[in-house]
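Visitor: In case you want the letters, here they are:
Protein chains: 2
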Amino acid sequence: MEVAVRVESSRRVAEAIFFLKSIGSQIMTVETSEHVALNVIEDKATCLRIDSVRSTTEAGSGHPTSCASAAEIMSVLFYSVMRYDPHDPHNRDSDVFVLSKGHAAPILYAAWAEAGAFPRERLLTLRKIDSDLEGHPTTLLPFVDVATGSLGQGLSVGVGMATHAKQFDHSDQRIFVLMGDGESAEGSIWEAAQWASLHKLSNLCAVIDINRLGQSQPTTLQWELEIYKARWEAFGWQALLVDGHSIPDLLGAFEAAARVIDRPTIVLARTLKGKGLIGIEGLEGWHGKALDKPTAAKVIAELESQLSGADEDWKPHLPVTLRSSSQTTAKSDTSSGENPPYVIGGEEVATRKGFADGLAALANTDPRVVVLDGDVMNSTYTEEFKKAAPDRFLEGYIAEQNIIGMAMGLAVRGKVPFASLFSCFVTRAYDFIRLAAISQLNLKIVGTHCGVSIGEDGPTQMGLEDLAMSCAQPDFTVLYPADATSAWKATVIIAEKSGPCYLRLGRPKSAILYDPGEQFAIGKCKVLRKSGKDSALVVAGGVTVFEALAAYDRLQRDGIAIRVIDLFSVQPIDRDELIASAHAANGYCDHR
Amino acid sequence: MEVAVRVESSRRVAEAIFFLKSIGSQIMTVETSEHVALNVIEDKATCLRIDSVRSTTEAGSGHPTSCASAAEIMSVLFYSVMRYDPHDPHNRDSDVFVLSKGHAAPILYAAWAEAGAFPRERLLTLRKIDSDLEGHPTTLLPFVDVATGSLGQGLSVGVGMATHAKQFDHSDQRIFVLMGDGESAEGSIWEAAQWASLHKLSNLCAVIDINRLGQSQPTTLQWELEIYKARWEAFGWQALLVDGHSIPDLLGAFEAAARVIDRPTIVLARTLKGKGLIGIEGLEGWHGKALDKPTAAKVIAELESQLSGADEDWKPHLPVTLRSSSQTTAKSDTSSGENPPYVIGGEEVATRKGFADGLAALANTDPRVVVLDGDVMNSTYTEEFKKAAPDRFLEGYIAEQNIIGMAMGLAVRGKVPFASLFSCFVTRAYDFIRLAAISQLNLKIVGTHCGVSIGEDGPTQMGLEDLAMSCAQPDFTVLYPADATSAWKATVIIAEKSGPCYLRLGRPKSAILYDPGEQFAIGKCKVLRKSGKDSALVVAGGVTVFEALAAYDRLQRDGIAIRVIDLFSVQPIDRDELIASAHAANGYCDHR
Chain S
1 MEVAVRVESS RRVAEAIFFL KSIGSQIMTV ETSEHVALNV IEDKATCLRI DSVRSTTEAG
61 SGHPTSCASA AEIMSVLFYS VMRYDPHDPH NRDSDVFVLS KGHAAPILYA AWAEAGAFPR
121 ERLLTLRKID SDLEGHPTTL LPFVDVATGS LGQGLSVGVG MATHAKQFDH SDQRIFVLMG
181 DGESAEGSIW EAAQWASLHK LSNLCAVIDI NRLGQSQPTT LQWELEIYKA RWEAFGWQAL
241 LVDGHSIPDL LGAFEAAARV IDRPTIVLAR TLKGKGLIGI EGLEGWHGKA LDKPTAAKVI
301 AELESQLSGA DEDWKPHLPV TLRSSSQTTA KSDTSSGENP PYVIGGEEVA TRKGFADGLA
361 ALANTDPRVV VLDGDVMNST YTEEFKKAAP DRFLEGYIAE QNIIGMAMGL AVRGKVPFAS
421 LFSCFVTRAY DFIRLAAISQ LNLKIVGTHC GVSIGEDGPT QMGLEDLAMS CAQPDFTVLY
481 PADATSAWKA TVIIAEKSGP CYLRLGRPKS AILYDPGEQF AIGKCKVLRK SGKDSALVVA
541 GGVTVFEALA AYDRLQRDGI AIRVIDLFSV QPIDRDELIA SAHAANGYCD HR
Chain D
1001 MEVAVRVESS RRVAEAIFFL KSIGSQIMTV ETSEHVALNV IEDKATCLRI DSVRSTTEAG
1061 SGHPTSCASA AEIMSVLFYS VMRYDPHDPH NRDSDVFVLS KGHAAPILYA AWAEAGAFPR
1121 ERLLTLRKID SDLEGHPTTL LPFVDVATGS LGQGLSVGVG MATHAKQFDH SDQRIFVLMG
1181 DGESAEGSIW EAAQWASLHK LSNLCAVIDI NRLGQSQPTT LQWELEIYKA RWEAFGWQAL
1241 LVDGHSIPDL LGAFEAAARV IDRPTIVLAR TLKGKGLIGI EGLEGWHGKA LDKPTAAKVI
1301 AELESQLSGA DEDWKPHLPV TLRSSSQTTA KSDTSSGENP PYVIGGEEVA TRKGFADGLA
1361 ALANTDPRVV VLDGDVMNST YTEEFKKAAP DRFLEGYIAE QNIIGMAMGL AVRGKVPFAS
1421 LFSCFVTRAY DFIRLAAISQ LNLKIVGTHC GVSIGEDGPT QMGLEDLAMS CAQPDFTVLY
1481 PADATSAWKA TVIIAEKSGP CYLRLGRPKS AILYDPGEQF AIGKCKVLRK SGKDSALVVA
1541 GGVTVFEALA AYDRLQRDGI AIRVIDLFSV QPIDRDELIA SAHAANGYCD HR
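So the protein lines, in turn, are chains S and D.
Using our numbering, you'd call the opening residue of the first sequence number 1 and step up by one each time.
Using our numbering, you'd call the opening residue of the second sequence number 1001 and step up by one each time.
Calculated directly from the structure, the hints in this document are not laboratory data.
Be careful, since some hints might not be right.
[Stated by the list, open to error] Heads up, simulated DSS-like pairs for lysine-lysine below, C-alpha to C-alpha not over 30 Å straight-line: (1) 353(S) with 1293(D); (2) 353(S) with 1289(D); (3) 353(S) with 1128(D); (4) 1509(D) with 293(S); (5) 509(S) with 530(S); (6) 1353(D) with 293(S).
Just chain S, with the same shape it has in the complex (with noise of 0.2 Å):
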C-alpha cells in the first residue's frame, strides 16, 4: 500500500508515520499546512538581537555576542517550531526549551517577552539585584524550570524531560535543548547522548550553536562540522547539518526531527558568535562584555533598519491538546499506612536495606516515585523496586551525572525521581547537584556504603565527602538513618518532603532500635540514652551509634553515666533537643 499523507498539524506527522508504517505502509511525501512568514521569524530574530544588546548595555555586564549566534534558532523555535502557552509555561502539554548555555540569558527572556509572557520593559531590569531576570536563568522565572549556566547539564535535563513526556505521560510534547559549542567538551553531554538513544528519545531535539568561539579562544572543533556529525552519529542520533542563520534550514530541520521516530535529533547550527552586531560579528574578544552605549546605538539602528515591518499578529502555536494541570502525577494518599517488618532482638538488617523495602513499597503507594540506577542496583537493593514497578525504573548505567540530570528533569515534571548511587560517586555529580539545589527541584538521593566501614574494599570506595557536599547545598534535607527501620521510614519520608534531599546509608548490617510504629520527623533526633546525672553528650549517627551505645554499656560498668543522640536529621539538625541534651549533661557554653 502507497499512501501520500497530509496533515493539519507537523506535530501528527511523526505519529502518522509510525502508525502507517505499522501497518506495513510505505511512506511517499508528507506535507503540513501549518507556517509562518519566514519575513515574521526574520524579523522577531532582529527584535531579539535588539533586546539582547539593549538589556545588556543598559545592565553594563552579559552575553550579547552569545545570544546573537542564537537569534535565528531561538526565533524559529519560538515563533514557528514549539507549541506553547506563553502564559502557561509549566503546562504538562507544552513543547519544552532547554537554555543550556545559561549565559545567553538576554535572549530567552527577550524570546519570553516578545512571546507575549511579560513586558518587554522589564528586559531592561536585566542583572539588576532586584530584578529576577538574573545574568543565568533561575527558577524564580516561571518559564524556567532548571537554573543554567553551569554548562553541559541542560541535555541531560532534556533527557528526563523526554523520558517522562515519552514513557511516562504518554504526551506528544517535544523537548528542545540549546547548547553552545565550548559546552559540548563535557562529558556529561556524552552520557546523555548515549542515553537517549539506547532509549529512542524521537522527542528529544538538541541544537548546538557553532559560533567556533569560547569564552577565551577558539573552541577544540571550531566549524568542523563533519566531526561533530561523526561523533553524533556514532552516538545513535540523527545529526543534521545547517546554516543556524538560515530560517527555512532551520525550520527544514526542525521538521525533520519532528519526522523521525526511533531516535532523537541534533541539529548542528553553523553560526557567528555577534551575527548582526556591526563591527563585532565573529570576533574573538568579544565573551561576556557588554557593548558600550554608543557602540550599542550603532548596532541597534543598523538592526532596525533590517526590519521588514512585516505583520506583526503573531499568535503562539498552543499544543494540540492541553490538559490543565502541570503535575502530572498525582500522589495516592496510602502510602503512609504501612510500617516496616523489622524487630528489635530480631535479624539485623543494613540500612541500604531498610531502604530499599521502603522504596518498594512505596512502588505501590506513590505512583510518582520514580528510581534511578547506576548499575548497583544489587547492591542497594533498588533491583526489589525494580520488581515492583518496572516501569519506573530507570538504568543509568555508570553515569552519575546524567542520572542526577535526568532526575532533575523527572523532578520538573511532576515526579519524585530517587537517584540511588554508592555516596563516594555522588561527588561525580556535585555540579549537577549544586544546580538542582539552586532550583529547588523535588529529587532524592540515596547514597549507600558510605564511610569506613565498607571495609576491605579500600579508601577509593568510602564516601566520606557525601554531608559535607549536601550540607553545603543550600536547603536541602540530609538524613542519616541508623537502622533500618529508620532507614524506612526517612525514605517514606523524604519522598513525602518537597525539595532536595539526600539519605546517607550503610553497608553493613546492624541491629534494630526502633520499633515498627516509632515515629520520625525531619530536624528531629532521638534521645537513645538519658539520666538526670549525665556527665557527657554522644551524638551519634549511623554506624556510630552502635558505637555509642556500646560506649554508654562500658561506661555504665563503672557508674558514669553519658547521653547518647541518634541524630537521624543531619540538615535541619535538631538545635533546640542538643542544646537542651548539651546543658543536661552539663557541657553547654551560651556566651549570649
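Here the structure of chain S is known, so what remains is to put chain D in place on it, guided by the hints.
Guide: This is chain D only, laid out in the frame that chain S set:
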C-alpha cells in the same frame, strides 16, 4: 626514496617512521626482532587467573571474574609489550600502566608479583586490614601512581602522563590504560579522548576490556564493537578490534599502536567475563563475588592443567634508555626571591590578579609549574603565565574532570600542576579531587570568582561549596587570601608545599592590606586589629575581611574594641592563635 627498515627495538619504530617521513620517505615494511614465545605469555595469563582466584577466595571478597577477562591483555602488556623495571616502577623511562578498572586490582597485583616486584605469597594478604594490597589500588604500593576504583578516571590520568612524556620529558615512554566496558559510559572518558586526539598523543594506548557485563546487568553496548569503533574513530583515535583472549591479536594491536604517529590508539578487546573460570565464564550475577573454596580448587586445578610448562626464564624488557631519577624536573632555588608589587594605599587589585601575577613570576623560577585552564584564562588572568611560558600552559577547554585528571598525571611525573577554574565549576571534578587526595598527589587547584561577591552573574556562577569540598578531603591545604599581596604569596607557598592544595580567590578588586615583604605560612592567620580590651573576636576570610575591618571602624566610634583576624589558612587552621585570641576577647569556653 624508498627504504626497507629493520630496527632492533619496536620502541624505535615510530620514531624511525617519523624521521623517515619527515625527509620525504615512503615506508614499505617494518619488522622487529624482539619477541617472547607465545606459550610463555599464555602460561603467564593462566598464572594471573590462578592468582586472582586464589587471592580473592582467600579474602572472601573481590572481583575474580573482572580479572579473568583481562588476563591475556595483562599478560601481553606486562610480559611482552611494556618496557619497564619491576624494581623501579617510577623510573621516568619505564612504560606506565594505569588500571582504570580498579576493581581488577588482584590481577594488577598478580602481574607485578609475576614480574618480580614482590613475592607471590604476599598476594594472599589481599584485602586484609594490615596489607597494602587493598580491594582497589592505592598509592601505598610503589607501582601504583594514582588510586583507582572510581571508574572513568584512569584515561585522563594517562593523558596527563602521556602529555608529560611527549611535551615535557621528550621520552619514548608509552602509557597504557586498561578500562572496563561499563566505565566507558562515564562522560569523562570522552573529555580525555577529545584532548588526547587534539594533541596527537600517539604514546597513549588504551584498552577496553569489553566483557559485556557490568555489575548488575549487561552494559549498554554489550558486544557491539562496531559502535565502539565508530565512536572512538569519531573522536580521532586509531581504533582496533581484537579478540581479547588471542595473544597474537593483542600483540598485533599493540604493535599497530606503537607505529601510529599522529593519534592515540584504543584497543577494543572482546572478552568473556570470568574467562577460563570453569562454570562461571560469561555468566551474569558473578560481578564482585569471590569463589568459595571448593569451587576455587576446581577452577584452579583446571587452569593448572592448561599450563604448557614453557621455559619460564622470562626477563623484564627494560627501557632502552634508563635515566636515574623519577623526578623529571628540578625546582630552581630562586623562586622565593621576588615579592609582589602591590602597595598599601595604592591601586585596588583583585586576589585572582595577585595569584596570576605570582604564577607568572613562578613561570621563570620554577620549571615544574604547569598551568591547566578551563577556557577562562582571560578571567583568571592565567593568560599572563601563558605569555611567560607558553609550552607549560595547557588549555583544557570546558572539561573540568579531564583537567583535574591530567593534573593528576602531571603531578605523578614530578610537575606542579595548577588547575585554574572558576570555583563553582571545581565541583564538576569532585570525584577526581577525591582520588587525588587519597593519592596525596602534588596538585594545586585554584578556584576564582568565589562567593556571592561575583554579583550579577547570579547564583549558578557563585562558588559557595568549595571550602566544604576541599576541607572534607584528607590533608588538603586550603588557603583563602584577602588581598592581592597575600594571594601572590599563597601562590608561591602552595607551589612549594608538597601535596594537594586549594586556593580560593575572589573576583572583585580590593584594597592592599599587606606590605610586599609580609610573611605568610600555611596554618598561620593574621591578627589585623587587637587591643587589651577586645570584647569580641571576628574571624574573617577573603572579601569578608574588609567587612570585618569596616565593622571595627564603626564600633571604634562607639568605643567598642573588637579583635579582627584574617584567617588566610582555612586548613590547617591556626588553632593556637584562634584559641588565644578568643580567650583574649573573652569568648572561649573550655570545658576540659
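Visitor: Tell me the numbers of any earlier hints that the structure contravenes, in ascending order.
Guide: none
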